[in-house]
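Asker: Each chain is listed here by its residues.
4 protein chains.
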Amino acid sequence: MTRYAYLGPEGTFTQQALLSWGPASGQPHVPCSSVDAALARLRGGEVDAAIVPIENSVEGGVSATLDALASGDPLVVTGEVLVPITFVLAAPAGIKIEDIRAVGSHSHAWAQVRGWAESTVPQAIYVPTLSTAAAAKDLAEHPADLGYEAAVCAPVAAQTAGLEVLAHDIGDMANAVTRFVVVSRPEWQPTPTGRDKTTVVLFQRTDRAGGLLELLEQFAVRGINMTRLESRPTKESMGSYCFSIDFEGHVQDERVGAALMSLHRVCADMRFLGSYPAASGVEVTIDPITSDGAFIEAREWLTSLRSLGDH
Amino acid sequence: MTRYAYLGPEGTFTQQALLSWGPASGQPHVPCSSVDAALARLRGGEVDAAIVPIENSVEGGVSATLDALASGDPLVVTGEVLVPITFVLAAPAGIKIEDIRAVGSHSHAWAQVRGWAESTVPQAIYVPTLSTAAAAKDLAEHPADLGYEAAVCAPVAAQTAGLEVLAHDIGDMANAVTRFVVVSRPEWQPTPTGRDKTTVVLFQRTDRAGGLLELLEQFAVRGINMTRLESRPTKESMGSYCFSIDFEGHVQDERVGAALMSLHRVCADMRFLGSYPAASGVEVTIDPITSDGAFIEAREWLTSLRSLGDH
Amino acid sequence: MTRYAYLGPEGTFTQQALLSWGPASGQPHVPCSSVDAALARLRGGEVDAAIVPIENSVEGGVSATLDALASGDPLVVTGEVLVPITFVLAAPAGIKIEDIRAVGSHSHAWAQVRGWAESTVPQAIYVPTLSTAAAAKDLAEHPADLGYEAAVCAPVAAQTAGLEVLAHDIGDMANAVTRFVVVSRPEWQPTPTGRDKTTVVLFQRTDRAGGLLELLEQFAVRGINMTRLESRPTKESMGSYCFSIDFEGHVQDERVGAALMSLHRVCADMRFLGSYPAASGVEVTIDPITSDGAFIEAREWLTSLRSLGDH
Amino acid sequence: MTRYAYLGPEGTFTQQALLSWGPASGQPHVPCSSVDAALARLRGGEVDAAIVPIENSVEGGVSATLDALASGDPLVVTGEVLVPITFVLAAPAGIKIEDIRAVGSHSHAWAQVRGWAESTVPQAIYVPTLSTAAAAKDLAEHPADLGYEAAVCAPVAAQTAGLEVLAHDIGDMANAVTRFVVVSRPEWQPTPTGRDKTTVVLFQRTDRAGGLLELLEQFAVRGINMTRLESRPTKESMGSYCFSIDFEGHVQDERVGAALMSLHRVCADMRFLGSYPAASGVEVTIDPITSDGAFIEAREWLTSLRSLGDH
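These protein sequence lines map, in sequence, to chains A, B, C and D. Using this note's numbering, read the first sequence as starting at 147 and increasing by one per residue. Using this note's numbering, read the second sequence as starting at 147 and increasing by one per residue. Using this note's numbering, read the third sequence as starting at 147 and increasing by one per residue. Using this note's numbering, read the fourth sequence as starting at 147 and increasing by one per residue.
Simulated from the structure, these hints should not be mistaken for laboratory data. Do not take every clue at face value.
It does not matter which identical chain is used: a pair holds within one copy or between any two.
As the list claims (entries may be wrong) - Derived lysine to any residue pairs resembling SDA-like cross-links, with alpha carbons at most 20 Å apart:
id, residue 1, residue 2
1, Lys381, Leu358
2, Lys381, Pro230
3, Lys381, Met319
4, Lys242, Gly308
5, Lys242, Asp284
6, Lys381, Val176
7, Lys381, Trp262
8, Lys381, Ser209
9, Lys381, Arg417
10, Lys242, Met372
11, Lys242, Arg452
12, Lys381, Gly190
13, Lys381, Gly261
14, Lys242, Arg187
15, Lys381, Ala257
16, Lys381, Ile435
17, Lys381, Thr431
18, Lys242, Glu264
19, Lys242, Gly340
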């Protein structure tokens, strides 16, 4: 049995991600009120995995997740899920668009529908809520007590809450996608598949001139393609950053191992956050000079060079 | 007269930044409800400058500001202000810490006091608000109608609203600082001072292998120190990013001009967001081989090489 | 009238290069006994051009030429000629291969036929001469006074001297080629043709870590292809080197001008040795981002950025 | 017993190098007429070591040695010797400077005294000989049969031959030094000393854009200092080069092993020519992030990351 914590309540996009994650089918699902809460339960052993958002194609990195993974007891990513994001404007039966004075939603969702809102409900002010699903649920349960008459949420959240949908597909960007990661304690590791990604957090040495360039070169010289780079403050002083990076390949791959070892030397500190199958399912393209075979051949050659007796 | 828009209402950290910005003294100050609103007024000509947060030493880049500057009609940064961030827990007279069931604040502020809150008011849930100052103001004006009994805000916001301070200095990180930028329409440019910064947004060509490394090399080969790098989604598809970058030097400096010209060639697109005096006031260290004199001498030498008659 | 000095006497490969150099047709040809002598006459104004060997596909760079161009009064390359190199074994009438006890030739030629000699005239010792043509000429004129009975030289040298050819095409490498350069005083410059090369000599700063890598990056970041790199001692101390480099493009090309200016800043010293049409006649391939148009557009963009009034 | 072949005859600078090589003391010394001959005897097993010149501070790399080591049966360098080079002008008793019509010497030696010769014996022509020592010996034995009356050679060669010295220290560059290498069959390897050098020959892949830059980066990213780079034609076609490189460190050093393995992957071909104590005796400076300890720690860290069970 694998218990999954997720960012709830029911009806969140995170729940949608969890429902589309095959291995979670038939397993217990535990809703949590925040990313921190979900990861705390995982670290504490109350659950065996957690699914949290890490990156949105419109709003960017999810700071809470990036920061929670970069510090505290070690956790590793063991999978990822991509969920297309569509928003609806939902309200209790009887409310019309022209009645709406205020709209409740999570700030990330609001950022993604702002253009639509300005042209369609220009009279409405924005009221922040803890999640899109909570905006819908509260509106269904206590319509009179809140400062808003409509919610921006996922279609499923409107349906679950029993709200009416006043407008469909109101996101400013078609094709918005959120990427979720499945997180575990570092007790096991997904098998390499040839279409893997690896996530790390790198902390620069402050006493070295090269900076970020020196870190990125470690990937480049080994033909490793970087798919995400997010800088996050180390929280120590203004201008002190660490880098959260995804790149193609698995820790068991030779070229990835070589890059990780170099980064371990070059960085002040480094956190390995797991290797896992990419949701895209696209095979990683490997330059023949960085194939496992090329690395193994080079190592055997070096061993033969070194094997001569001393004198 | 220079009219300044700022992220209001009164009592926000942005207002503190504005009050500490010398040139704004004695000028009209116009509070706005969001970064977007402040920049829209500037673009529309209703004000002559806007002051908005861009980066916090604990929470990182301010996405709304980064995105609003990176698109739409061109704007430029003409100055920056650093404001130390301290939070208080404030409530109407008579409320005690043990009475608190919920706390209202802006999500960025809540993220910075979460550790303190978990140990001191573990029973309290979090209620999001539009700003820290709004949390305080609303609590003072309508204490019964809100879902919270206390607010996390700046000391000045508690004072302005007439709330009592139940706890001082509750931020989890001492020395937290937020950096604000003064933004103008691109009609003028601060004079170089020798201690300047420049801000740009770079969009990668998708058809080039080098990627971010190739962009950063343009700074490195000219001895230019990068002080901030933030990746932001271009909003087109998952994994498509642009880079918001600050670096030392002024567009009028030779080495900066050379780097900008190279980036203009190498990038798919690029937005210049201004050169302005650094708040730190520290003189930029320049390697002699990248001084203005070295560039000018090299250009004169090339001119002499090229001046020979053809044949 | 253009007087040409060349490395003589008649019958040298250098003379062959001169004869195949169109502009020299019908002009006075002045044989000289060494590269130094030819360039001294050019520097002294006794001739208007000199043609000297610079690189052989088997033996490598010609040190005498590289060093003579890298120091002394400035000279520039204004053209290049490729000459296929074929050697014969030649002797006075009546001499048979089995009679040969010693063979005279220039050391560079001997190095190129050593394999053939070891298998065909293993009994013969080698006697160094000043040039291949001199070996043949002396043998024809004073067969008894020299320590050798046969010469290794160009077919034309054997013919000119009236020697018999005992063996044709005796070079160990088929397709050996020597590259000659036409050198002038820096009074004019060949017009760009789109298939040009440029030659420079770079002296590293001893106080910089990057070394050669930093120099080569100046070409790489501008998409400039290097076609020859030769290190030569600066003659000051063991391990102190300068670099003689050929690369594609003309000093009038924007990307070449940009690279030269950067090198001027980065190098301790630098000597420009001319831009001239490549003998290959192959058009230089230019990445669109390093085209003249891309550079000009970038410069105009920078000018517009800088044109804002100060404040 | 270790038999040493050297570039003879007696009185050459190579013999001086051999005499100053401690381990050769009391062992058989075998003079050979050329570098090729000396290395052929070593390859054939007739001797156990050979000592040959590889680099002169004024004339640069010794092509014959570089090419002979780069091809044929593998050999390795096991030591190096630096010999200060001083030249004398020597002649049979009774000859005065003003009588001299021609001077015999090896072409490399002549190149190093040309300035002196032009000002002191301007009337004299140059006659090439097989070595400086041979010029002296022949002049002493057959003064009438040669085309020259004086020789440029080492002081010891003049003394051995019984010639009188007409002028001392006639080299154009004070402090000229030639570097000799002790070469063995690849049957053993000098023990690391902390002040070692390694020599390799690298052949570029013709199908890769990076070229030489990509090869040099392998040293730079591991903090390895290159002390010599010599390009040599591969003899296949004009413009096809390999690179003979010396760098600091021993094949048994972690950072050197890592660089060699990378080069093995990146190069079309590569030849390892040995690790040996540097004649300078200066300890190699190692950045802590490239120390053996740093590499070992990184490898252990990777091993622990990889040791998790699959799933």
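Asker: Would you mind marking each hint as holding or not holding in the structure?
Answerer: Verification of the supplied hints:
Taking the shortest alpha-carbon separations for Lys381 and Leu358, only the intra-copy value of 18 Å comes in at or below 20 Å, while the best inter-copy value is 24 Å. Within a single copy, Lys381 and Pro230 get their C-alpha atoms only as close as 32 Å, which misses the 20 Å cut-off; across copies the closest is 13 Å, which meets it. Taking the closest pair of Cα atoms, Lys381 and Met319 come within 20 Å of each other only across two copies (7 Å); inside a single copy the shortest separation is 32 Å, beyond that limit. Taking identical chains as interchangeable, the C-alpha atoms of Lys242 and Gly308 lie at most 20 Å apart only when both belong to the same chain, with a minimum of 16 Å there against 39 Å between chains.
With identical chains, the CA atoms of Lys242 and Asp284 are at most 20 Å apart within one copy only, with a shortest distance of 18 Å there and 28 Å across copies. In this assembly of identical chains, the alpha carbons of Lys381 and Val176 never lie at most 20 Å apart, being 31 Å within a copy and 31 Å across copies at closest. Proximity of Lys381 and Trp262 under a CA criterion of 20 Å is satisfied inter-copy only: 16 Å between copies versus 35 Å inside one chain copy. In this assembly of identical chains, Lys381 and Ser209 lie within 20 Å of each other by CA distance both inside one copy and across copies; the values are 12 Å within and 17 Å between.
Taking the shortest alpha-carbon separations for Lys381 and Arg417, only the intra-copy value of 16 Å comes in at or below 20 Å, while the best inter-copy value is 28 Å. Taking the closest pair of Cα atoms, Lys242 and Met372 never come within 20 Å of each other, the shortest separation being 47 Å inside a single copy and 51 Å across copies. Neither within a single protomer nor between protomers do Lys242 and Arg452 lie at most 20 Å apart by alpha-carbon distance, with minima of 80 Å and 53 Å respectively. For a Cα distance limit of 20 Å, the shortest separation of Lys381 from Gly190 qualifies neither inside one copy, at 24 Å, nor across copies, at 36 Å.
Taking CA atoms no more than 20 Å apart as the test, Lys381 paired with Gly261 passes between copies only; the shortest distance there is 14 Å, against 33 Å inside one copy. Taking the shortest Cα distances, Lys242 and Arg187 never come within 20 Å of each other, neither inside one copy (41 Å) nor across copies (30 Å). For the identical chains of this complex, Lys381 and Ala257 are inter-copy neighbours only, at 12 Å across copies versus 25 Å inside a copy, given an alpha-carbon limit of 20 Å. In this assembly of identical chains, Lys381 and Ile435 lie within 20 Å of each other by CA distance neither inside one copy nor across copies; the values are 40 Å within and 25 Å between.
Within a single copy, Lys381 and Thr431 get their C-alpha atoms no closer than 37 Å, and across copies no closer than 26 Å, so neither meets the 20 Å cut-off. Taking identical chains as interchangeable, the C-alpha atoms of Lys242 and Glu264 lie at most 20 Å apart only when both belong to the same chain, with a minimum of 17 Å there against 41 Å between chains. In this homomeric assembly, Lys242 and Gly340 never come within 20 Å of each other (Cα to Cα): the closest approach is 52 Å inside a single copy and 59 Å across copies.
Consistency note: the structure conflicts with the earlier hints numbered 6, 10, 11, 12, 14, 16, 17 and 19.
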